[in-house]
Amino acid sequence: MKKIFSRPECLKPTPFHYCPGCGHSILHRLVAEVIDEMNLRGRIIGIPPAGCAVLAYDYFDIDMCEAAHGRGCAVATGFKRSRPECIIFTYQGDGDMAAIGTAETLHAANRGENITSIFVNNAVYGMTGGQMAPTTILGQKTTTSPFGRRSNVEGYPLKITEIISTLPGAAYVARTSLATPAKVMATKKTIKKAFETQLAGLGYSLVEVLSPCPTNWKISSIESFKYLEERLELEYPLGVMKEVTTEKGS
Amino acid sequence: MNKRETILMKGADAIGEAAVRAGCSCYFGYPITPQNEIPEYMSRRMDEVGRVFLQGESEIASINMVLGAAAAGVRAMTSSSSPGISLKQEGLSFLAAMELPAVIININRGGPGLGNIAPSQGDYYQATRGGGHGDYRMPVYAPATIQELYDFTMESFDVADIYRTPVMILGDGMMGQLVEPIIVHEREEIDLPPKDYILNGAQERPSRIIKSLILDTREMEEHNWKLKRKYDLMRTLLPRYEEFMTDDAKLVIIAYGTAARIAKGAVKRVRSNGLKVGLFRPITVWPFPDEAVLSLTKKSKVFLVFEMSTGQMVDDVRLAVSGRVDCEFYGRPGGIIPSPQEISRIIERYWMQKEL
Ligand SMILES: Cc1ncc(C[n+]2csc(CCOP(=O)(O)OP(=O)(O)O)c2C)c(N)n1
Ligand code: SF4
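Read top to bottom, the protein sequences are chains B and A. For the first sequence, position 213 (counting from the first letter as 1) is numbered 212 according to numbering that gives the first Met the number 0, and the numbering increases by one without interruption. For the second sequence, position 230 (counting from the first letter as 1) is numbered 229 according to numbering that gives the first Met the number 0, and the numbering increases by one without interruption.
Derived by calculation from the structure, the hints in this document are not laboratory data. Warning: the hint list may mix true and false statements.
[To be verified] Pairs of lysine to any residue, SDA-like flavour, derived with a Cα cap of 20 angstroms:
no., chain 1, residue 1, chain 2, residue 2
1, B, 11, A, 300
2, A, 194, B, 11
3, A, 210, B, 42
4, A, 210, B, 13
5, A, 300, A, 290
6, A, 194, B, 41
7, B, 11, A, 203
[Said to hold, decoys possible] Derived, one-sided and incomplete: chain B residues facing chain A with beta-carbon distance under 8 angstroms:
no., residue
8, 40
9, 66
10, 77
11, 82
12, 101
13, 102
14, 103
Note that beta-carbon positions come from the ideal geometry of N, C-alpha and C, so glycine has one too.
Isolated chain A, as found in the complex:
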């Protein structure tokens, strides 16, 4: 493939290609629908560039292989879907505790349990609240286009290295399968902190330890505060969002990922009928762009949160607006993808109800 060109790409392939060009040296994963195209792409592509692809015996093994590779100092990633992401939670907690960089692709499917293989947003809590144990946070990007899937996958390796943290890309089955024209480009070189923690043999230097066990409670507290300071820095520097026609909007629909694509279509429809409606789309769901949401309350008095779940991100929106505006919710869980028409009808209903 050339250095920079526009090509039609499927979401899963865009993730794989972005990872390869970000310098990912190792991919470890276990098959699960709807993300099998990622390991399939990686198995071919990593071989081509002489890097490591290994199908682990489980998601637990795969995330721990990622941990080993990260501790050895190379860029590593894994990918999975809901039930598999549940199994990775122990590893995520250890990565966060040990401050090791890693990229985790999470293609959310219907749940709980085995659920189904349709696109869903039911794992927002798990992704943003730290599904593993312990007092940690993790940056989570929720792309809504294949270009973003490519760009944020690439960028997440840098974010992981800068903050020494696992980073998650949260998509759904729709994002993985969608084909769109995108610009594939190389990673821009940036200054990264030196990897002075890695283990490669104590050759002409003192031996090193990577661990999460801190028996001394005071030391453990200090480690927790240290992590907190890092998370606070992320909260300041990482939030990203898109605003679409919000300038004069009386009602703002808030949605991320696939739901935001549908919502955008709905906004365009109701705008053509003269309704002043806009879209706010969080791109990072942790850290949540709460300041941007709060400042929206100055112009818009009604917020409508739309999710492909029974309502999870709506909690973050309500926290951000802290009672300043009405915050309504519309959800379609279980793998249903509503049409823009359906969402525009919901918008019109609230428009009437709230007498906007």
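One chain only, chain B, in its complex shape:
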């Protein structure tokens, strides 16, 4: 009998603690599969965030180093500069990446730091109980935007991925979604592309993944995939925003 579904080697046999229908579970598996397929386990280091994925090191069977909330790209810089032979990735939520860690993220990208960021955009602060995130869309209700996000009070959703795509140091910048099985497969390909960019030494690579948080969106898992496709993808269009294929001089 042919085995068609097995646990990636890079995932420990620990059941995920994530809520049912959470995008983190899907994404962890995708990242692990890519690491396996690219045979990177012996040289990869992951930097999980403060956020729902803070315990990512309980699941990934690779070297992992915690970072304080938002500081992932700075920690990753320290790693990459001292061990250029290693493959370094940060795994960050929207609060981590685009609020408290905006400076670290933008400057790492702008330096063309040869690292990869996997940016999980669920438009809320999951871990702390569903507060407003920089990426919360207009009208979206959260525990700290109970009237729905208003542009004149809470400001606009921040499109950090678009901003980063304008930076010369960024080599590969793309946004994907977990809304459908096809999009999940596309996400996996995109992550692979990002790691390939790092392997080729081309500069900073970023994959933003639109991801469901049924718990804090306060809807069912099924509805959350619909919300993802119908609302979030409208605000955050999918696609590759930047792709550099040749190394730049100094």
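Position chain A with the ligands relative to chain B; hints supplied.
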């Protein structure tokens, strides 16, 4: 530069050169006066020896870059001054929690707030009490000469590796700018514990984790006690101090760093007038050399603490003597550097007042 020679060196350069010769592989920092000469020196020197110099986008980023490099297993350092050191506190807490070695140079300036760029000792509490959150301690060296700045910067990398802890060098603007002849020498090789915690890819070994999150309260308690045992060991092995003319001293002035240089001058002046006065100078301000201070109470009955602040180390002295002797205080905060004459007048005043 040769292996071992005597040369004139500025404090900031001595720090940089000592770090390079201690095998520091990465420097990360953000400019702030009065310590800009350190990153400037490092930007040239690290390039020369083919190592990493990177100007971070902030002190927060810089200390976290240091953390990444330390977790990757290399020697790393950062430097800053008061407002910047405030921003590094989160990173210091994480380094302490994760038990990662790092060297932090703190060139103290006037404060609070932006304050000024003059030499100050107003950050003693922040340095010695663990300015970041959580139940941690950190070795802090307070050199008073450029030679010490060189020697302790070099040694702090070993201390950091031995105890797996961040180590701070506490100086002030005066220390950074001062030029003195010093002997530059290579680091002496010593046996260090193997770095079996570092992350460099799980190649032919189980994967590793470096983290500070410990949700289980019992495990967290155990981690806190484990750190405490380490700090107790440091308290036993690390304290350092200098005693100057204390043997027959009836009054001892206690000061560290730049203040101790001034105090030494004052002691020499009053000695020439026949006053039996000595100087006690803590070199490590954490761990504080409290046993040495306590044993001084057997011969001297009056202690005068002098700081370039409104009084912070004086708390440690009072704790150490626990009421056995009179402990007076004289301070000049705000970046004022008093002269040895001024301090000798203060000493003479207490000498009269206490009828010594
Ligand atoms: C300095 C600091 N401030 C605040 C927090 C609390 N905190 C932890 S995670 C988080 C936000 C999480 O949201 P996000 O980054 O979007 O990730 P998610 O949990 O949604 O995956 C916050 C505010 C913290 N850990 N550290
Ligand atoms: S709160 Fe949201 S992001 Fe966090 S685990 Fe649950 S579903 Fe996932």
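Structure-based check of all given hints:
no., hint, verdict
1, 11/B / 300/A, "violated, 65 angstroms"
2, 194/A / 11/B, "violated, 25 angstroms"
3, 210/A / 42/B, "holds, 19 angstroms"
4, 210/A / 13/B, "holds, 18 angstroms"
5, 300/A / 290/A, "holds, 16 angstroms"
6, 194/A / 41/B, "holds, 18 angstroms"
7, 11/B / 203/A, "holds, 16 angstroms"
8, 40, "holds, 6 angstroms"
9, 66, "holds, 7 angstroms"
10, 77, "holds, 2 angstroms"
11, 82, "holds, 5 angstroms"
12, 101, "violated, 10 angstroms"
13, 102, "holds, 5 angstroms"
14, 103, "holds, 5 angstroms"
Of the numbered hints listed earlier, those contradicted by the structure are 1, 2 and 12.
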